[in-house]
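If you want the building blocks of each chain, they are given just below.
2 protein chains.
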Amino acid sequence: MELPVGSDYVHFEARVKRLMTENRPVRPEPGRHNLDPHLDRYAARTAGMTASEIRALFAVASRPEVVSLAGGMPNLAALPLDTLSAQVGELIAEDGLVALQYGSAHGVPALREQICEIMALEGIKAHPDDVVVTVGSQMGLDMVTRLFCDPGDVIIAEGPSYVGALGSFAAYQADVVHVAMDDHGLVPEGLRAALAETRKAGRLVKFLYTIPNFHNPGGVTLAVERRAEIVEICRENDILIVEDNPYGLLGFSGQTYPALRSIDPDNVVYLGSFSKTFASGLRVGWVLAPHAVREKLVLAAESATLCPPTLNQLIVSRYLSTHDWMGQIKTFRENYRERRDAILSALEQHMPAGCSWTKPDGGFYVWMTVPEGVDTKAMLPRAVTARVAYASGTGFYADGFGSRQLRLSYCYPTPERIREGVRRLAAVLESEMDLARTFGNASPRSISGPQNPSPDTV
Amino acid sequence: MELPVGSDYVHFEARVKRLMTENRPVRPEPGRHNLDPHLDRYAARTAGMTASEIRALFAVASRPEVVSLAGGMPNLAALPLDTLSAQVGELIAEDGLVALQYGSAHGVPALREQICEIMALEGIKAHPDDVVVTVGSQMGLDMVTRLFCDPGDVIIAEGPSYVGALGSFAAYQADVVHVAMDDHGLVPEGLRAALAETRKAGRLVKFLYTIPNFHNPGGVTLAVERRAEIVEICRENDILIVEDNPYGLLGFSGQTYPALRSIDPDNVVYLGSFSKTFASGLRVGWVLAPHAVREKLVLAAESATLCPPTLNQLIVSRYLSTHDWMGQIKTFRENYRERRDAILSALEQHMPAGCSWTKPDGGFYVWMTVPEGVDTKAMLPRAVTARVAYASGTGFYADGFGSRQLRLSYCYPTPERIREGVRRLAAVLESEMDLARTFGNASPRSISGPQNPSPDTV
Chain G
3 MELPVGSDYV
13 HFEARVKRLM
23 TENRPVRPEP
33 GRHNLDPHLD
43 RYAARTAGMT
53 ASEIRALFAV
63 ASRPEVVSLA
73 GGMPNLAALP
83 LDTLSAQVGE
93 LIAEDGLVAL
103 QYGSAHGVPA
113 LREQICEIMA
123 LEGIKAHPDD
133 VVVTVGSQMG
143 LDMVTRLFCD
153 PGDVIIAEGP
163 SYVGALGSFA
173 AYQADVVHVA
183 MDDHGLVPEG
193 LRAALAETRK
203 AGRLVKFLYT
213 IPNFHNPGGV
223 TLAVERRAEI
233 VEICRENDIL
243 IVEDNPYGLL
253 GFSGQTYPAL
263 RSIDPDNVVY
273 LGSFSKTFAS
283 GLRVGWVLAP
293 HAVREKLVLA
303 AESATLCPPT
313 LNQLIVSRYL
323 STHDWMGQIK
333 TFRENYRERR
343 DAILSALEQH
353 MPAGCSWTKP
363 DGGFYVWMTV
373 PEGVDTKAML
383 PRAVTARVAY
393 ASGTGFYADG
403 FGSRQLRLSY
413 CYPTPERIRE
423 GVRRLAAVLE
433 SEMDLARTFG
443 NASPRSISGP
453 QNPSPDTV
Chain D
3 MELPVGSDYV
13 HFEARVKRLM
23 TENRPVRPEP
33 GRHNLDPHLD
43 RYAARTAGMT
53 ASEIRALFAV
63 ASRPEVVSLA
73 GGMPNLAALP
83 LDTLSAQVGE
93 LIAEDGLVAL
103 QYGSAHGVPA
113 LREQICEIMA
123 LEGIKAHPDD
133 VVVTVGSQMG
143 LDMVTRLFCD
153 PGDVIIAEGP
163 SYVGALGSFA
173 AYQADVVHVA
183 MDDHGLVPEG
193 LRAALAETRK
203 AGRLVKFLYT
213 IPNFHNPGGV
223 TLAVERRAEI
233 VEICRENDIL
243 IVEDNPYGLL
253 GFSGQTYPAL
263 RSIDPDNVVY
273 LGSFSKTFAS
283 GLRVGWVLAP
293 HAVREKLVLA
303 AESATLCPPT
313 LNQLIVSRYL
323 STHDWMGQIK
333 TFRENYRERR
343 DAILSALEQH
353 MPAGCSWTKP
363 DGGFYVWMTV
373 PEGVDTKAML
383 PRAVTARVAY
393 ASGTGFYADG
403 FGSRQLRLSY
413 CYPTPERIRE
423 GVRRLAAVLE
433 SEMDLARTFG
443 NASPRSISGP
453 QNPSPDTV
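If you read the sequences in order, they're chains G and D. Final position of the first sequence in this note's numbering is 460; the numbers increase by one with none missing. Final position of the second sequence in this note's numbering is 460; the numbers increase by one with none missing.
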């Protein structure tokens, strides 16, 4: 294992250790002194808000010498900043009194029309009235959960699932039941079984939350031939589908798949986003809802933020109408494909026997399983010390699973850095496996449960 | 009463009537056929989300021939659009990869420092770490309610109160108990009595929500000599204060008042906003929280939107550091003072005897009480038909009060238009009073309860 030398390294290692020990649960252990005078005032849901244990680590992981395979930040380097600069300047000069003023919670009408054109690429026929613009699709998730979930309601989701969704579900005190995926995505038999068991346990299921395309963090895609079946199972069981599709246009060979929404418009709430196909810092996403749901969604959005930022919506709208945005997405895709190739070949070359991983054909992520005896959360500080970061698996499950899993994001670093990161990770893994063989699994057990999303782990 | 002539008027009147009858509660009456197949799936809180009955009316009220004294849209005409256009263009060209990328849920550090300088104008000493940037202060309200309120918890608020706050409180199923204001703001004895009674009824009070300066919709300001007393009462009763201060720098003679937060930093959550001092369409607000609360606030914000838009934060930050923003606020203030003068003199000149109203020395609003027998919600369609709009009073109360009250916003129209609007309103009021004298009060009773905020009624 290659190690950095000198005092900076010592300082760095100490910082990692200190940060790991500084993490505390929000509710103190009984008898433990707590400094928060407001502790007795919080709502019940606030107890479920726990800071990701790896959050502080990410602050360290953002140092330039660390290769971060942890974050899901899109790589924006290919954006035409000069063109955008001119366009946004013009927008403010020409239309500033609109762009800088309150708008409706529903969203800018012209943008909602353009969003319908984008969704048509995946077979969706929608009316702009049924689109609600949100502050990123994270807000869409939050609003949909707000509309449908009482405390104790059950949401079915793939296992693993998007960490930000698990955070929203926890904020509304909904419980998550995971259904396994295989290389072809969510397993229909698993969904049937989970629904039956949950019902048998007397629990109320509100919806299936699913990311059909280029799954975060799973890296797999729901097979086309499973889609109608999934839709049918949800119909039969009278539950709604919440389809989250931020990566659908990022298939590496330009392939797209029919959205679940295109199969059953009345029973699917669809979430879309410009974060991965244009610019995440604008925070523009959307929800396409069945007509009857949409009205309530607008009301919920109003009480959450009054309206999404008008300027940002007009920037996206102008970009879509004046720029070759499909060409830009093609550039992004090629960029990400190059990185996917780099990570898959490096994994093949360096990873010890006993590791396995998914082979994504779109999106940002590889999901990896390590040999028995290695705990990915316990290993993380050692990996960061060896200057490579990843997202450990338990954060992507609501039920404590995932201690032998981890997510590798290949979206942001250069192919060179990705290869170096994988080399470092393989070395760390090998020492962990050595340790496990020699002493058995002496790692502390991971703390389970959903963690909060953060931009580092989207 | 001056009436428009011709077919357009007929069409217009019919539209008003149709819109009024189209308004329906979200939950159907028992036995009534409902077209929403998802009705049984919603969360309990969704039943409390009711569309403002006056929402549809506002669509009509936005026609150019109607003088709208209803909306709280800031008047942005004085903004230096050319300068802003150049600045934002530069920002994207120079720093686009940061501006268009995810940021932290906490907010951009440089902006949080600048926010501390702004709050210092009202006596607040704060550390930038304790500031959390939000998508407008509406999101701050929503997050604070999320952190603290379980269903059935009680929030004490001025009566009337901000419609958007009532919307957020209802979304979390919290109950509101109103405390009266007089010309010097919230009445301390009223607060004491409300706390005692609520406690006696066995209810748990979570916080006092208050808008001390240039109250929306009340138009009054909490007297300086009452401030320490209010803070003390909340301390004694062990409840938090949520201080909402979007208008504090808009005192017409440049006067500012010491924030409640400056008196008791550990027990006040402070909400600020750039919507009224710079640009509402950017949706940049903030929460200054006691240190222990702040960490949870960041977690809540992450699960709500991941992070506020980076671009918008950098725009505000650059504007604050390169522009004479205090001079700009002075321009806004003068603009609003001229309009306040126009409305007060027109009210004095035209309103029939028996009407009374507040005399704001800052902010956007006049709060008016009409004679017995006139119902302001029932009168609204007639007012809109006479081409003047206002916000009727019941929306600003959670308890059904307010049917003899209305809010007049003088922030947006020209002084000329304001005078014309008041003339029209006075004429409508006189016919209503005539009717009431002749036939008694034949108006239908208003439906009470909080209504959803909308950008039309902020």
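Be a bit skeptical, because a hint or two may be false.
Since the list gives no way to pick one copy over another, a pair counts as held whenever it fits inside one copy or between any two copies.
[To be verified] Straight-line alpha carbon distances no greater than 25 Å define the calculated SDA-like cross-link-like pairs of lysine to any residue that follow:
| # | residue 1 | residue 2 |
| --- | --- | --- |
| 1 | K127 | D38 |
| 2 | K332 | D38 |
| 3 | K332 | D97 |
| 4 | K361 | R237 |
No lab work stands behind these hints, which were simulated from the structure alone.
Status of the hints after comparison with the structure:
Proximity of K127 and D38 under a CA criterion of 25 Å is satisfied inter-copy only: 20 Å between copies versus 51 Å inside one chain copy. For the identical chains of this complex, K332 and D38 are neighbours neither inside a copy (50 Å) nor across copies (40 Å), given an alpha-carbon limit of 25 Å. For a Cα distance limit of 25 Å, the shortest separation of K332 from D97 across copies, 24 Å, qualifies, whereas the shortest one inside one copy, 30 Å, does not. For the homomeric pair K361 and R237, neither the shortest alpha-carbon distance inside one copy (31 Å) nor that between copies (59 Å) is at most 25 Å.
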